[in-house]
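*Asks:* Chain by chain, the residues run as shown.
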Amino acid sequence: MGNLDTDAGVTFEQSYATTNGNGIGNGKLPNGQSNASNSNFLLDNTIVDEQQREALVQILNQRKFSAPAYTEIRTRRSAAKAAAQAMKFKNANASNYHPAKNLQINGQVHALKEKPDFKPSQVEGKLSPEKEHYAKTSFEEVPLHTACLTYLGFYLLMILGYINQLLFVPKVASEKGREGYVTLYDAFESFYSRYVYRRIKDCWNRPICSVPGDELTLKDRVTDDYGWSFKFTGTQTRCLNLGSYNYLGFAAATGRCADESEDRARTAGLAYCSSRCELGNTEQHEELEKLTARYFGVEDAIVFGMGFATNALNLPSLLGPNCLVVSDEKNHASIILGLRLSGATIKVFKHNSMKDLERVLREGVCYGNPKKGGLPWSKIMIIVEGIFSMEGSIVRLPEVIALKKKYKAYLYLDEAHSVGAMGSNGRGIADYFKVDPKEVDILMGTFTKSFGSAGGYLAGSKKLIDFLRTNSHAHCYAGSISPPVVQQIVTSMKTIMGEDGTETGRNKIMQLARNTRYFRKRLAQIGVITYGHEDSPVVPMLVYLFSKIGAVVRTLTTRHIAVVGAGFPATPIMEGRIRFCLSAAHTKEQLDYALEVIDEISDDLGLKYSRKPRDPNPIEY
Amino acid sequence: MVAIQLINEIGGIFRNTPTFALVLESFLLVTVVWLLLHKRGGGRRRFTKEQEDYLIEKYEPEVLVPDTDPEHPLLHNHVVQSVAGKHIKVDGHECLNLGSHNYLGFLEDEEIIDEACKSLRKYGVGSCGPRGFYGTMDVHLDLEDRLAKFMGLEEAIVYSYGFSTVASAIPAYAKRGDLIFVDEAVNFAIQKGLDASRSTIVFYKHNNVKDLERLLTEQEARDKKNPKKALKTRRFLVAEGIYMNTGEICPLPELVALRNKYKLRIFLDESISFGTLGKGGRGVTEHFNISRDEIDLISSGMEGSMATIGGFCVGSHFIAEHQRLSGLGYIFSASLPPMLTQAAISALDRFERNPQIFEQLQTKSKLLHQQFSKFTKLRLSGNELSPVKHLFLAQSSDKFDTEQKLLAEVSNKCIARGVAVVQAAYLQNRERKPVRPSLRIAINRHLDEADIATAFEIIESVSSAVL
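As given, the protein sequences belong to chains C and P, one line each in that order.
All residue numbers for the first sequence refer to my numbering, where the first residue is 114 and numbers rise by one.
All residue numbers for the second sequence refer to my numbering, where the first residue is 2 and numbers rise by one.
Bear in mind the hints are in silico, worked out from the structure with no lab data behind them.
Computed from a predicted model, the values in this text were never measured in an experiment.
Every residue, glycine too, gets a C-beta built ideally from N, C-alpha and C.
Hints are not guaranteed to be accurate.
Chain C regions said to be covered by chain P (calculated; three or more residues, Cβ under 8 Å) [to be verified]:
hint: 1; stretch: 257–271
hint: 2; stretch: 287–294
hint: 3; stretch: 316–323
hint: 4; stretch: 376–386
hint: 5; stretch: 421–428
hint: 6; stretch: 510–519
hint: 7; stretch: 722–733
I would like the entire structure built from these sequences, with the hints used as guidance.
*Replies:* Here it is as C-alpha cells:
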C-alpha cells in the first residue's frame with residue numbers, strides 16, 4: 114500500500130513521454146542514454162553488423178526499457194531498486210530472451226524442444242468432481258482496505274473529472290449545423306469517456322503492424338494533449354504478445370495454413386458478394402460444416418461469417434416471448450444482444466453458482482410466466498460460456514447438464530474461448546469434462562480465436578441445424594464467409610484433428626495446457642490474485658484500482674510485453690484487471706521473461722494482494 | 002353518550018400531540034400494517050417442496066425447434082463452383098451472372114487479389130482479437146482514413162460484417178424513448194437495428210414523402226401536448242440509398258428538407274448505392290448533389306461494390322467516434338481479417354483511379370432496365386440507375402407461396418440454360434411483414450449489350466414456358 118501516490122491518474126499524464134517527429138526520445142529516459150543509441154534501437158531490423166548488435170544487446174540488458182514512445186511509471190521504490198534490478202535481470206534471463214532482440218520473421222512457429230507430456234494437477238482424482246473443480250479455481254476476496262481505496266480512487270477520478278470539466282472548456286468536436294436538436298448523447302456517458310476513460314485511453318486500440326503471434330509489433334503512438342488525440346512517432350516496438358486470442362498459435366503468415374489460404378484466395382476469390390441462400394453457397398462451405406460437425410462429434414453444423422453475429426442473430430430464431438432464459442451473469446455482450454432481440458424473459462444467475470442456477474430453474478418451472486398468470490414457459494434455456502472471457506473461469510458442465518436434465522431445460526454452450534483451447538483433443542469443454550457433446554443441445558463457438566481465422570458456428574442435431582438453415586438471420590441475409598478465411602479454418606481444424614498426418618495439433622494442445630498451468634502457478638507464487646480455473650488459458654490478474662490498469666499496461670509495454678487491461682464498465686468498478694491470454698506459440702523462455710517482469714513491477718505497483726500461502730518450491734514446467 | 006365521550010377523548014389526543022409526533026406515529030403505524038400484510042399474503046403463493054417436485058415432474062416443455070420440411074427451399078441452395086465473376090458456374094452449369102452483388106466486377110480483379118495475398122503474408126489470416134485488444138492493424142486505420150477522405154467526412158469506422166454494421170450503428174444512438182421514422186421497405190439488417198434500439202418506431206409508406214410529413218405533423222401535435230417529453234426525445238430518420246428490397250432510390254432532397262424542418266437526424270444505409278451512384282461513386286448524396294453534412298451518418302456494407310467482407314460507417318467526428326465505445330458489433334467482435342481490409346483499400350484505389358467505372362455501370366444498368374422492361378410475364382421494378390432490380394410476376398397470385406414456387410422454377414431453368422438469376426431470399430415469417438417474392442437482378446459492370454440480350458431471351462422464353 115506504500116505506493117498510493119501512484120494511483121492518482123494525473124501522475125500518468127505527466128509521466129507520459131512526448132517525442133519529436135523523428136521518433137527519438139526527448140531525453141526523459143531515466144538513465145539518460147544518448148539519443149544515438151535510441152535511434153540505433155529503432156533500426157533494429159536493419160542491423161546486420163554483428164558488433165553493433167552485441168552493443169545493442171548490452172544496452173537492452175542494462176536499461177530497463179527502450180521503447181521511445183513509452184516511459185515507465187516511476188515509483189518511489191524503483192529508483193532504489195534500479196541497481197539491483199540490472200543484475201537480477203541478467204541472471205533471471207539465463208536464456209537471454211527478450212522480445213526486442215528477437216529478429217525472427219513474423220509469426221515464425223517455435224519448434225518444440227522436447228515432446229511435452231501432460232502433468233496432472235495435485236488435486237486430480239482425489240476429490241469429488243465438484244470439489245475438485247472448486248479447488249482448481251482460484252478466487253480470492255478483495256482485501257477490505259483495497260476495496261475502500263478502489264472506490265475512493267474511482268470517486269477521486271470522477272471528482273477531478275468534474276472539476277476539469279467545469280474549469281476548462283473541453284477540447285472536443287461539437288456538433289455543427291444541428292442547432293435546436295435534442296442532444297445526441299447522455300451527459301454521464303460523454304463525461305465518463307472524456308474525463309475518466311481518456312486518462313487511460315492509450316491502453317486500448319493500440320495499432321499493431323505484424324502477425325498477432327507469440328510476439329507482435331506495436332506501432333508507437335504518443336499523445337501531447339493528455340489522450341484527446343494520438344500521433345504516430347513512426348517507430349515500432351516489438352512486444353511479447355500476451356493479449357491476442359491466439360490460443361493454439363495458428364495466427365501466422367507462413368506455414369501450411371497461410372499457404373493454403375493464399376491458394377484458395379487465388380482460385381476462388383475473396384468473397385461471393387451474396388448470401389448463402391442466394392449465390393454464396395459453395396462446396397467449400399459445405400465441407401467446412403461437415404468438418405465442424407465431425408470435429409465435435411455431432412450430427413450437423415452451420416457456419417457464419419462473424420462470431421458476434423452467430424450469437425446475436427441466431428438466438429432470436431431459437432427463442433420467443435414465452436421462453437425463459439437462464440443466463441450466467443458474466444455472459445458476453447453478443448448473447449445479451451441476441452436475447453434482447455429475441456424478446457424472451459431473462460433471469461440471471463450468479464456466476465458459475467450451481468446452487469443459484471438450480472434456484473432460478475426451480476422458480477421458473479414451478480411458478481411459470483408471471484406475465485401470463487403463471488402459465489408454464491414454453492421453453493427454458495440455460496446459456497453459459499465454456500470459458501468466461503473476463504473471469505477465466507470454466508463452466509461446471511457436468512453439473513449444468515445434470516440440472517438441465519432434471520428441469521427439462523435446453524442448454525446453449527458458447528465456446529468462443531474454449532474451443533480448441535480446452536480438452537485433450539482440443540474439442541472444447543465437453544471434451545475437457547469427457548462429456549458426450551450430444552448432451553449439449555446447442556454448441557456455439559468462434560473461429561476467430563484458436564483457429565486464427567474469423568467467423569462462428571452452431572453445431573447440434575440435424576433437426577436443429579435444418580431449422581436454423583431456414584430461420585437464421587445471418588444465413589439468409591448476410592454475406593457468406595470469404596474463401597481464404599474458410600480455408601484457414603479447414604486447415605487448422607484438420608491439423609488439430611491430426612488429419613494432416615502430423616502430431617502438430619496434439620503438440621500445440623499439450624503446449625498450451627502446459628503453458629497455462631505453469632504460468633498460473635508461477636503467478637500464484639508471485640503473490641498476485643488471479644481468477645479462474647487452473648486449466649483456463651485466459652488469466653485475469655486483479656489490480657483492482659482503475660488507475661493501476663493503466664500503470665501496469667504501460668509499464669509492461671516499456672518492458673516489451675503487450676497485455677490487455679479491463680476496467681469499469683467491462684468489469685465491476687471494484688475489479689479492474691489485467692488479462693493475459695496464453696498461447697501454444699509461447700515458449701518457456703518467453704513466459705519466464707514475462708513472469709520475471711511481472712514479479713518486478715508487482716513490487717513497484719503493489720499488486721501482491723494475495724494472502725494465500727505461497728508455494729516455496731520452484732514450479733516445474 | 003359513551004360514543005361522543007370517546008370521540009372527544011380521541012380528539013383531545015390529536016389536539017394535544019405535536020404535529021411531528023403525529024406524522025411520525027402514523028408513519029410507523031402504516032409501516033407496521035404494511036409489513037404484516039406483506040408477509041402474510043402480499044407475495045406470491047408458495048408451493049411446498051413436494052408440490053414443487055410434482056410440478057417439475059409434470060413439466061413438459063415444447064421441443065427446442067419444430068420439424069423442418071425437408072423440401073424447404075432454403076435447405077436446397079445452389080452450389081457455386083467458381084469465382085463469382087461475370088460468369089459463374091452454378092450447380093454444374095456455366096452461367097452468365099445476374100445474381101452476385103459484384104457490381105464493379107472487382108471479384109475477378111487479379112491485382113486486388115495479389116495485394117490481399119501480400120497482406121496475408123504480412124499479417125496472417127485472422128486478427129485474433131477485437132479492435133480494442135490488439136486487433137487494430139495499421140491496415141484498418143488506413144482504410145478508415147481513406148474512406149473518410151473519399152467521402153469528404155471526418156471519420157470512418159470499419160466493422161467486420163456487413164449485416165452488423167447498420168444493426169449496431171442504430172442502437173448506438175437511438176435508445177428507449179426515442180423516435181425513429183423509417184421507410185417501411187428497409188432491409189432486414191436495419192429492422193434488427195431498430196429492434197435492438199427499443200425506440201418507438203414509426204413506419205412511413207415506401208418512398209412516400211407525403212406520408213412521412215403527415216406522420217411528422219401528427220407527432221408535432223403530440224409534442225405540443227407534452228412539451229417536456231418532446232425536449233428529451235431524439236428523432237431519427239432511417240432510409241436506404243437504394244433499397245435492397247425494391248431497387249428504388251430514396252427521395253433524398255425531400256428527406257433533407259424534412260430533416261431541417263422537423264429536426265431529425267438522418268441515417269442512410271448506402272450498402273448498394275455506395276460505389277454505384279454518382280459521378281465518383283460516392284453514393285446517393287453525390288447523385289442528388291447534396292452536401293454530406295446534411296446527413297448525420299452514412300453506413301454501408303463492403304460486400305457490394307467493394308467486393309470484400311465487412312462494412313463501415315462514416316460521418317463527422319462527433320457522431321462516428323461514438324461508435325468506438327458504443328457500437329456493439331464494433332467493440333465485441335474480432336476485427337476484419339487484414340487481407341480483406343487490404344482488398345477494400347485496393348478497391349478504393351480503383352474508385353479513385355478510374356472514376357469512369359461508375360458511369361459504365363450506370364449505362365449498363367439503364368441498358369438492362371430498358372431491355373428487361375419488355376418481359377411479357379414478368380414485371381421489372383427498381384430505378385433505372387440502380388444496379389439492383391427486381392422481377393415480379395406480372396400476374397400476381399393471392400398467395401406468396403405459389404409465386405415463390407413459380408419463381409424458383411424460373412430461376413432453376415434459367416440456371417440450367419446459362420443465366421444465373423436467383424430469388425431474393427427472405428425469412429418471410431421474420432420480416433416485419435411478408436415481402437413479395439421476386440427474382441433479384443444484380444448488374445455487373447462487365448456485362449455488354451449482347452450478354453443482356455441473351456439473358457433477356459433466355460429469361461423470356463423460360464418465363465413464358467413456366468408461367
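*Asks:* Which of the numbered hints are not met once you compare them with the structure shown?
*Replies:* 1, 6 and 7
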